[in-house]
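Novice: Sequence:
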Amino acid sequence: MIQPLAYIHPQAKIAENVVIEPFVTIHKNVEIGEGTWIGSNVVIMDGARIGKNCRIFPGAVISGIPQDLKFAGEDTTAEIGDNTTIRECVTINRGTKDRWRTVVGNNCLIQAYSHIAHDCFVGNNCIFSNSSTLAGHITVGDYVVLAGMVAVHQFCHIGSHAFVAGGSLVRKDVPPFVKAAREPLSYVGINSVGLRRRGFSSEQINEIQDIYRTMFVKNNNLTKALDIIETECQPTEIRDEILDFVRSSNRGIMKGFGQGKVAL
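For the sequence shown, counting from 1, position 221 maps to 1676 in the numbering used here; every step adds exactly one.
Don't take every hint at face value.
[Said to hold, decoys possible] PhoX-like cross-link-like pairs, simulated, lysine-lysine; straight-line CA separation at most 20 angstroms: (1) K1525 - K1552; (2) K1634 - K1710; (3) K1679 - K1710; (4) K1483 - K1507; (5) K1627 - K1710; (6) K1552 - K1507; (7) K1673 - K1634; (8) K1468 - K1507; (9) K1525 - K1507.
Hints were generated in silico from the structure; no laboratory data involved.
When you get a sec, could you build the whole thing from the sequences and use the hints?
Specialist: Right under this line is the structure:
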């Protein structure tokens, strides 16, 4: 159902059973999958690729050009997966020639006033609470939860199943499976509640906890901690995911428990 007060460019590709409410504007180079609902006053600009059964609430702007002075009008996209909800006044910019696209995965919930900048890759099943902000070129794994008003520095990487506490400033990479909080951002434990909800066993949770105790709690420097983890922990997918994440970090990882000074 398309309301007559909506404007849709005749070359936009709209699947069956899409609901488009009044005062929506949809530009030329846009594709929207079946079953998606577009609320009033949404603007969907060139380069948007929206999946099936999404919900986009009033005031959202999808695929606006990047807020990047190096952008030269290159043909890029902003891609949203299936079953994802975009709440009020969210802005998602399309990519630049760095990655050529901005991606938000399947089954995500992006809450009101959040911003996802150019060339961000967001995984599946993520929740960004109100006013979360990603700068450009950020990679976010699956099942990541950002609490309200989290701000993430450009080029940072947040690992899968991580939880970042509200109001945090993320300047360094956040490894998978952890909880991050404080200022400067620090390890404050593993995301045990989220892991149990997603079916991780007690053995797997204990394994993750042992690895991060070695890395963040036992006063080892990072190089020594990685050597201990590799030699003393049994090889598993979890162990290898953590080691690969830390070793491939370009910005460096956040501080361990008690290593950061708490701001007064």
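Novice: Now tell me, hint by hint, if it's right for this structure.
Specialist: Verification of the hints:
no., hint, in the structure
1, K1525 - K1552, "9 angstroms, holds"
2, K1634 - K1710, "12 angstroms, holds"
3, K1679 - K1710, "15 angstroms, holds"
4, K1483 - K1507, "19 angstroms, holds"
5, K1627 - K1710, "9 angstroms, holds"
6, K1552 - K1507, "27 angstroms, violated"
7, K1673 - K1634, "17 angstroms, holds"
8, K1468 - K1507, "13 angstroms, holds"
9, K1525 - K1507, "32 angstroms, violated"
In this structure, the hints that do not hold are numbers 6 and 9, in rising order.
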